[in-house]
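Protein chains in written order, with numbering that gives the first Met the number 0: chain A, 0 to 137; chain B, 0 to 137; chain C, 0 to 137.
It should be emphasised that the hints constitute simulated quantities derived from the structure, not laboratory data.
In this text, all values refer to a predicted model and were calculated from it rather than measured experimentally.
Worth double-checking, as some hints may not be accurate.
List of simulated lysine-lysine pairs, BS3-like, C-alpha gap at most 25 Å [what the hints assert, rightly or not]:
no.	chain 1	residue 1	chain 2	residue 2
1	A	1	C	30
2	B	13	C	77
3	A	127	A	13
4	B	1	C	13
5	B	30	C	1
6	C	30	B	1
7	A	30	C	1
8	C	13	A	77
9	B	30	B	127
Partial chain A-side listing against chain C, Cβ under 8 Å, derived [said to hold, decoys possible]:
no.	residue
10	2
11	45
12	63
13	130
Glycine included, each C-beta is placed from N, C-alpha and C at the ideal position.
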Amino acid sequence: MKAYTEYVSFKTKKRREMIHITSEVEEIVRKSGVRDGLCFVSPMHITAAVYVNDLEDGLIEDIWQWLEDLAPARPDYKHHHTGEDNGDAHLKSLLLHHETTLPITDGHLDLGTWQRVFYAEFDGQRNKRVIVKVLGVS
Amino acid sequence: MKAYTEYVSFKTKKRREMIHITSEVEEIVRKSGVRDGLCFVSPMHITAAVYVNDLEDGLIEDIWQWLEDLAPARPDYKHHHTGEDNGDAHLKSLLLHHETTLPITDGHLDLGTWQRVFYAEFDGQRNKRVIVKVLGVS
Amino acid sequence: MKAYTEYVSFKTKKRREMIHITSEVEEIVRKSGVRDGLCFVSPMHITAAVYVNDLEDGLIEDIWQWLEDLAPARPDYKHHHTGEDNGDAHLKSLLLHHETTLPITDGHLDLGTWQRVFYAEFDGQRNKRVIVKVLGVS
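Could you build all of it, start to finish, from the sequences and the hints given here?
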């Protein structure tokens, strides 16, 4: 039984950005040597998320519009009394759920045909980290 | 320490359907021989989800109405430019969060009195798979 | 490899309440002796959730308002035909996702600077339990 951890850094150019990270996560699973187990992926921040869905540009635009409809950027969040202006980023992180777990079988991510892993940045343009922790049988 | 995996197939008659799967998952936990650990359950698709809540018909109707209110079936998703018509199914999957993890204690799912596990299909009438992966101490 | 479980009880004074539980969870991780692994945290109820975000009072008020906007307390849920009046509590639990997993490294919760763990009670004023299960390498 084995645990293996890596931290991946992102600094997005835009404040809000989706980054496709399946191949980075797959490479970490390979390095872990775990053949059968689970792979936990999570930002170490409260204004970002990790989610699994389709790598299709139109859908990604739909997801952005949906996030904005349900957790809009607005000036009047109470959190902004602290000097912050990112209240929407916290709510978007809660809406997508900040973390996800992925299954590993035969040494690879055991995902369906269209399942891809994304880092969703809601308040970027600065260094942020994602923790990838692999746990299982080697 | 042990890892055990099964794939369960579903083909719903209706396009949208909730299927109660607690007993199937419990049976897989029993077969795994794991006494203490975690059970990961996830569709291998991006238009379905697995969630934990009440087995009560009225509430299930409320959940459907709520999913439709917050992630409505509409013709104008950008994803539909690809020829698809299931944009809402992707958003409903994100809203419920596609995967869940369940605790195992003494060889059984360690759920509360009213906690039940559901497969939520948002674009069915075709074969779809759910992965159940059990990880823990035997 | 080791699994360790504790159950934590809550009885909130108000019907709806957020309780900051990071230090309780950290103490359970310490007692588990697990140095590297995962910590699963979940209510054993379907009207509560566990989430990770900021310990900032204004933001917590924003989260309450957002939960009420997207999953409002209303008399007309079908679930209420059973005599219950907590339909919104079930939907709020689904919206925040009832469970979360946390990484453990070097014997401690491996969280980012601002990540804190909260128990979100949506139908309290009675005894409720949270299960914390730690799995990993000692």
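Subject >> Given pair status - residue 77/A, residue 13/C, alpha carbons within 25 Å >> reply: holds, 21 Å
Original post:
Given the proposed pairing of residue 30/B with residue 1/C, does the C-alpha separation stay at or below 25 Å?
Top reply: holds, 20 Å
Original post:
Straight-line Cα separation of residue 13/B and residue 77/C no greater than 25 Å?
Top reply: holds, 21 Å
Original post:
Holds or violated: is the Cβ of residue 45/A closer than 8 Å to a Cβ in chain C?
Top reply: holds, 5 Å
Original post:
Are residue 30/A and residue 1/C close enough, with their CA atoms no more than 25 Å apart?
Top reply: Since the Cα atoms of residue 30/A and residue 1/C sit roughly 23 Å apart, the hinted pair holds (cutoff 25 Å).
Subject >> Pairwise hint evaluation, residue 127/B against residue 30/B, where the allowed Cα distance is 25 Å at most >> reply: Within the cut-off at roughly 22 Å; holds.
Original post:
Against chain C, is residue 2/A within 8 Å by beta-carbon distance?
Top reply: Holds, because the Cβ-Cβ distance from residue 2/A to chain C comes to roughly 4 Å (cut-off 8 Å).
**OP:** Compare the distance between the alpha carbons of residue 1/A and residue 30/C with 25 Å, and conclude whether the hinted pair is satisfied.
**Re:** holds, 20 Å
Original post:
Hey, does the residue 63/A contact hint survive, CB to chain C under 8 Å?
Top reply: Because about 18 Å separates residue 63/A from the closest Cβ in chain C, which is outside the 8 Å limit, the hint is violated.
Subject >> Holds or violated: residue 1/B to residue 13/C, with C-alpha atoms at most 25 Å apart >> reply: violated, 43 Å
Original post:
CA of residue 127/A to CA of residue 13/A, is that 25 Å or under?
Top reply: holds, 13 Å
Subject >> Hint check: 8 Å Cβ-Cβ cutoff, residue 130/A to chain C >> reply: Because about 5 Å separates residue 130/A from the closest Cβ in chain C, which is inside the 8 Å limit, the hint holds.
Consistency with the previously given hints fails for numbers 4 and 12, ordered from lowest to highest.
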